[in-house]
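Student: Chains A and B, in that order, are what the protein sequence lines are.
Number 45 in this note's numbering belongs to position 45 of the first sequence; there are no gaps in the numbering.
Number 1335 in this note's numbering belongs to position 335 of the second sequence; there are no gaps in the numbering.
Derived by calculation from the structure, the hints in this document are not laboratory data.
As the structure is a prediction and not an experimental result, all values here were calculated from the model.
Be aware that a few hints might be false.
As the list claims (entries may be wrong) - One-sided and incomplete, this derived list gives chain A residues near chain B with beta-carbon spacing under 10 angstroms: (1) P39; (2) P43; (3) E63; (4) A73; (5) P144; (6) D185.
Think of the CB as a built atom: it goes at the ideal place given N, C-alpha and C, for glycine as much as any other residue.
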Amino acid sequence: MRAAEVDVVSIVMASAFTVTLVGLVGGLGWRILTWSRTPNPLPIPLAPAPRGYPGVVLRLAVETFLFRSLARASPATWLPAMSMHYALLLIVLVHLRFVVEHLPLWLLPLLRISGWLTLVALLGLGVLLWRRIFVDRVRYVSAPSDYLHLLLLIGIVLSGAALKQWGGVDLYRVGEFVRGVLTLDWQAFPLHAGLVAHLLGVLILLAVFPISKLVHAPGIVFAPTFHQRDRGGSRRASSEGDG
Amino acid sequence: MSAKAAPPATPARVGRYRVIPLLVEGSAAKTGPRQASVEVRAARGLPTTLPTDWKARALTRLGQLVDERRGLRVFLETCTKCGACTDKCHYFLGTHDPNNMPVARQDLLRSVWRRHFTFAGRYFPWLVGARELTEAVLEDWFRYFHQCSECRRCTVFCPSGIDTSEVTMAGREVLASIGLAHHYTEEVVEKALRIGNNLGMKRPALAATLESLEEDMHEECGVPVRLPLDDASADMLLVTPSADFFAEPHVDGLIGYAKVLHAAGIRWTLSSEATEAANFALFTGDRAGMASIAARLRDAGRSLGARQLVIGECGHAWRVAYSFMETLVGPLDMTDAAHSRPEHICEVTHALWSSGRIRLDPAANKGVVATFHDSCNVARGAGMGDRAGGQFSLPRELLQAAVPRVVEMSRDTTQQRTFCCGGGAGLLADELLDVRIKGSLPRAQALARVVADEGVTHMAAICAICKTQFGTVLPAHGLGDVTIASLHQLIGNAVVLDPVAAAPGASAVSGAEPLSLSAQQS
Chain A
1 MRAAEVDVVS IVMASAFTVT LVGLVGGLGW RILTWSRTPN PLPIPLAPAP
51 RGYPGVVLRL AVETFLFRSL ARASPATWLP AMSMHYALLL IVLVHLRFVV
101 EHLPLWLLPL LRISGWLTLV ALLGLGVLLW RRIFVDRVRY VSAPSDYLHL
151 LLLIGIVLSG AALKQWGGVD LYRVGEFVRG VLTLDWQAFP LHAGLVAHLL
201 GVLILLAVFP ISKLVHAPGI VFAPTFHQRD RGGSRRASSE GDG
Chain B
1001 MSAKAAPPAT PARVGRYRVI PLLVEGSAAK TGPRQASVEV RAARGLPTTL
1051 PTDWKARALT RLGQLVDERR GLRVFLETCT KCGACTDKCH YFLGTHDPNN
1101 MPVARQDLLR SVWRRHFTFA GRYFPWLVGA RELTEAVLED WFRYFHQCSE
1151 CRRCTVFCPS GIDTSEVTMA GREVLASIGL AHHYTEEVVE KALRIGNNLG
1201 MKRPALAATL ESLEEDMHEE CGVPVRLPLD DASADMLLVT PSADFFAEPH
1251 VDGLIGYAKV LHAAGIRWTL SSEATEAANF ALFTGDRAGM ASIAARLRDA
1301 GRSLGARQLV IGECGHAWRV AYSFMETLVG PLDMTDAAHS RPEHICEVTH
1351 ALWSSGRIRL DPAANKGVVA TFHDSCNVAR GAGMGDRAGG QFSLPRELLQ
1401 AAVPRVVEMS RDTTQQRTFC CGGGAGLLAD ELLDVRIKGS LPRAQALARV
1451 VADEGVTHMA AICAICKTQF GTVLPAHGLG DVTIASLHQL IGNAVVLDPV
1501 AAAPGASAVS GAEPLSLSAQ QS
């Protein structure tokens, strides 16, 4: 540790990250534990439901990764939602460059298209925000937090893009700081107004994740309508030669 | 084959399927359920006045339910307000009232739950749309949880798999715990628990009804088709919704079951101990009541020594029997291993028909152009047969075999995406008629289309609630000329009865040679 360089700002930033990450992991763990401990008194799968577990896994995968039900409901929501989620996922992957010390080769193509990813994410988020504001049904059911979640994501993406374009931040030192937080070996924070803004957004996002609707991500797997199977057929040995 | 002189049909005035309406706040606020009478509430063990500590009681019950039901907990926590469900509910499409959008209906409960049970709602209620539980909120709950038929169509479209019916049931249960209960639903549950069926019909009345129906059938088809009651020598116990005993067109369905079973030579019986397949306790979330009503079916089967329990045409009865019965009352150990679960009458008829033990002659339904209405609880709450999607294909194959022509309604309104008739989950009550008519709009639109384009004359259903509801509300949409038929009514018309094989005495009375066996061997 280069103690001399770890100033007050660095300590504040590193502790904020540490606390938030602990909160994220603990909060998500607690929530998932609560879900799995809550009993399922009656089977309520949405029929027709798969009869076996491979079918259930497939159903969960299709819902989680392809948003099948949303596609059924509204292609106009599905397309921006898919764009937004997958662009953000890839952008998060690109940020692995700050976690691993040596850039893995497979990350290079993603790095090259990260500008496009930013654009796709912003378009998706923008359409979702537009829907929330202008479609009267969606506006009716939206609370301030629903807009703020979108604005927060837009803010994070925009500040990140701005940093990349005009930042002049020492990326290697950002990586050192991040790795320091993750290994509990705190390093100096490369102070930069834009970077602080970007990271503040990220911190808020991670902090509210387990206590807001953002937990819908793991929630899909715990929805009994999706994860329960149709047990009817297996309990019956038909003697009637039923078609 | 309508015997009516066919006056020019009042042109359907329902518009095309499907225009997404703009919101009209409060447009369905005038229609509310009737509060259960003091007598009914007392009989159901519910508070007869609003307790002074109602708020604490309601919140305690809500907290318990969230702790007891994973579905409810996950559904309250994971909604992203994406809007996918907002245009999927028939009550919303019919009333334009925003509180009838599934997510908004859930939010009636979710906002209160957030306020009292979550961090964000406790400290930043304005931020997350959390609301204090007030008497005004109770009124909204009572009204709009009785404008939901728990049909689960919205679930089909929800990316998080949220089932509004679980929220509605929980809401109704919390309301009941402080004495706010729906008269019609609770009265039905009370009658089912005390007398054994929703109508409060006792054994002598039932026996007389069945006897006169037998006479009618004999006169009509010249074959002594029986409607046995409490026949201990029977192999099969049939439990139907009690509407099948007297109401039109339900009773024609009962006659249809009898003809099919007669033609196949199956020894079957009805039971005066289990005269009701329906289980309205499902609708109020009352699990204990649901279990005791379900147990009646099993017990009747045991006491008669039946080997097989069969459920008649009733949508939610089939959901309870297929999906919940084993959990509620344990395995049906009175039946033999080949019949280890309750069976649907359509499964029985389909098996008999596909194995050639009965024959169906569509010419008997000459002139009928039929379409099939999938009942919500069968479509989305159960299965049928041993094949995936059997709840859609079995009834359709039977219908196709029984009538000359079958036409499908818009694919957005059938099978898994079917619309509720608008009368489910206790909404069949008279005081809710306005909402029932409006809620049947999407189905009426899809039906009007096939009536105009394909000349549909009959709509078949396999649910007592659907049949009653459509008979009442379709005339309001200018579709009064469409005949609402029990599926087994059309099958009963078409089944070929052999007068020789069915000589008097050959049915349930003679135990020497069970016809089911001889038919199987031949």
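Student: Each hint: holds or not?
Tutor: Hint check results:
1. P39: This hint holds: P39 of chain A lies near chain B, its Cβ roughly 6 angstroms from the closest one there, short of 10 angstroms.
2. P43: holds, 6 angstroms
3. E63: Cβ of E63 of chain A sits 7 angstroms from chain B, so the hint holds.
4. A73: holds, 4 angstroms
5. P144: For P144 of chain A, the interface hint holds, since the closest Cβ of chain B sits about 5 angstroms away, which is under 10 angstroms.
6. D185: violated, 32 angstroms
The structure is inconsistent with hint 6 alone, although it conforms to all the rest.
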